[in-house]
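Novice: Each residue of the sequence shown is one higher than the one before, starting from 1 at the first, in full-length UniProt numbering.
Treat the hints with care, as some may be off.
Unchecked claim - Label pairs and their computed distance ranges (CB to CB): (1) Ala-225 with Ser-101: 32 to 42 angstroms; (2) Ser-101 with Gln-312: 45 to 55 angstroms; (3) Ser-86 with Asp-192: 33 to 43 angstroms; (4) Ser-387 with Val-45: 25 to 35 angstroms.
What the hints assert, rightly or not - The calculated DSS-like cross-link candidates involving lysine-lysine, where the alpha carbons are at most 25 angstroms apart (straight line), are: (5) Lys-176 with Lys-103; (6) Lys-260 with Lys-434; (7) Lys-176 with Lys-201; (8) Lys-356 with Lys-434; (9) Lys-84 with Lys-97; (10) Lys-260 with Lys-176; (11) Lys-260 with Lys-377; (12) Lys-140 with Lys-97; (13) Lys-176 with Lys-140; (14) Lys-434 with Lys-377; (15) Lys-140 with Lys-201; (16) Lys-320 with Lys-356; (17) Lys-103 with Lys-260; (18) Lys-356 with Lys-377; (19) Lys-103 with Lys-140; (20) Lys-97 with Lys-176.
Since the hints were derived computationally from the structure, they do not count as laboratory data. Backbone N, C-alpha and C fix where the C-beta goes; we use that ideal spot for every residue, glycine too.
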Amino acid sequence: MAITRLPSAGFSITIRIAVPADASSIGRLTTSVGEAGAIVTALDVVDSDPTHVLVDLTCDTADANHADQVVEALTALDGVDVRKVSDRTFLLHLGGKIEVSSKVALRTRDELSRAYTPGVARVCQAIAENPADARRLTIKRNTVAVVSDGSAVLGLGNLGPAASLPVMEGKAALFKRFGGVDAWPVVLDTQDTDEIVAIVKAIAPAYGGINLEDIAAPRCFEIEARLREALDIPVFHDDQHGTAICVLAALTNALRVVGKRLADVRVVVSGAGAAGTAIMKLLLRQGVGDIIAYDRRGALQRGMTDLNPAWQWLAENTNKENYSGDLPGAVRNADVFIGVSAPNLLTGEDIATMAKDSIVFALANPDPEVDPREARKHAAVVATGRSDQPNQINNVLAFPGVFRGMLDAHAEEFTEEMAIAAARAIADVVGEDKINPTVIVPSVFDSRVAPAVAAAVRAAAQNPGATPPPAADPGPADLPEIAAEASATP
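Using the sequences and the hints, build the whole thing.
Specialist: Below, the structure is given as structure tokens:
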């Protein structure tokens, strides 16, 4: 049975099956699943009697169609009765992934009178007299709004607000897990730029920061710029800046592996949307040798007409030689390829034409711009956005720590200096003695990452304009302790 993707936990299913109570039945189940190309991860006995055994068989599959094929293979076995099939990803989402919990027990009248009426009135009056106290006396000090209009959900396109909610819930859960930040999804039933700006301005008093998410380019650029101008809290479009921070961190270490300098390399970026534009701007700020920006109109170059403002800026500030050919031609002799676009745009043969010791970041999900297995035959360093491949470049390395640092510093804006500081912190967590072609970024579960990023961002916020120092190994800091310490600061 041919499958084009590898099995993953994202398509894990649990199948409840009744089989005869003999020595060979369980073995037949696992053999059938393996022959179908899936991976058995658990097998639990639910019930039994003298003649039958009821089991829950859990396995990772490659996609929904592959899951159906696995079930069909089991159903075809003699004596096997498939009772129920559960998609474990959908089970995890039942009722949503986050909830509100109270920090106050509210077990007594005394607690009730202080947390609500009549005592709360005094706190309201104090904030009315000194609005800055809202950061000290309310959720504002540690809360972020995750705002989306659902116009660019993952790689799925314009799905609308309701369909974007699972992503925003997941984002909020990651904020809490890795940064100790309370975040809440705010999905908007409008894709009008003026309305989005007005709504976010209206709800901003409750939050210490705004995380924009999955808003399509080029509207996302205007929305972010206008909100930054209007609000006195940080506004951060993660699709832009979170991705750019992580790419800069990964590229910093990849260049260390191959012994090249950023100022000497030529980079090709496929995808000039939110992520690609932010990546290129940050690399230019760091002094990259040259960049060719490639999107659906081809290589962006001087002389092109009818470009949106973001593309116009890129056309004027990249592509020194004004290259106008196709993408395979662009990567020929290039040092670095960064893909934030669409699957299967390049082949291993295209990667073979790149410069010696080339670097490939193929970040389209779930299927990258080039098969990483083919890319590794020719490139010195390969990274993807997938969790089942080495060198996963994932925004969760950045945004929890970035917001933790901004909230702790009472920052009023997100700056480029913070982005550079965050990227350096992520890169330096790996350590010079740990870097190699398959380890250029830390694991998303490395407990040192978010504290290191938070400390670097906090320092950049408190010393604007200063060159961010390299982030030393922060040691085995415990994130919940850091979050608790931040919460205790007046």
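Novice: Now tell me if each hint is right for this structure.
Specialist: Checked hints:
Checked against the hint of 32 to 42 angstroms, the C-beta distance between Ala-225 and Ser-101 comes to roughly 36 angstroms, which is consistent with it. Checked against the hint of 45 to 55 angstroms, the pair Ser-101 and Gln-312 passes, with Cβ atoms roughly 48 angstroms apart. A beta carbon spacing of about 40 angstroms between Ser-86 and Asp-192 agrees with the range 33 to 43 angstroms that was offered as a hint. Evaluation of the 25 to 35 angstroms hint for Ser-387 and Val-45 yields a pass: the beta carbon distance comes to about 30 angstroms.
Restraint check: the Cα-Cα separation between Lys-176 and Lys-103 comes to about 15 angstroms, which is no more than 25 angstroms; the hinted pair holds. Distance hint between Lys-260 and Lys-434 is fulfilled; the C-alpha atoms sit about 18 angstroms from each other, no more than 25 angstroms. The straight-line distance between the Cα atoms of Lys-176 and Lys-201 is roughly 24 angstroms, inside the 25 angstroms bound, and the hint therefore holds. A C-alpha spacing of about 23 angstroms is found between Lys-356 and Lys-434, which places the hinted pair at or below 25 angstroms, so the restraint holds.
For the suggested pair Lys-84 and Lys-97, the alpha carbons sit about 24 angstroms apart, so the restraint of at most 25 angstroms is met. Simply put, Lys-260 and Lys-176 have alpha-carbon atoms about 37 angstroms apart, too far for the 25 angstroms limit, and the pair is violated. Using a Cα cut-off of 25 angstroms, the hinted pair Lys-260 and Lys-377 holds, with the two alpha carbons roughly 20 angstroms apart. Between the alpha carbons of Lys-140 and Lys-97 the distance comes to roughly 22 angstroms, so the proposed pair stays at or under 25 angstroms and holds.
Annotation: proposed proximity of Lys-176 to Lys-140 holds, straight-line Cα distance about 15 angstroms (limit 25 angstroms). Of the pairs offered as hints, the one joining Lys-434 and Lys-377 holds, with about 22 angstroms between alpha carbons and a cut-off of 25 angstroms not exceeded. Of the supplied pair hints, the one linking Lys-140 and Lys-201 holds, its CA atoms being roughly 15 angstroms apart against a limit of 25 angstroms. For the proposed pair Lys-320 and Lys-356, the alpha carbon gap of about 21 angstroms is at most 25 angstroms, so the pair holds.
Distance restraint check for Lys-103 and Lys-260: the Cα-Cα separation of roughly 51 angstroms exceeds the 25 angstroms cut-off, and the hinted pair is therefore not satisfied. For the given pair, Lys-356 sits about 12 angstroms from Lys-377 by alpha-carbon distance, which is consistent with the 25 angstroms threshold. Proposed proximity of Lys-103 and Lys-140 is supported: the alpha carbons are some 14 angstroms apart, at most 25 angstroms. For a cut-off of 25 angstroms, the pair hint linking Lys-97 to Lys-176 stands: about 12 angstroms separates their Cα positions.
Checked against the numbered hints given earlier, the structure breaks hints 10 and 17 and satisfies all the rest.
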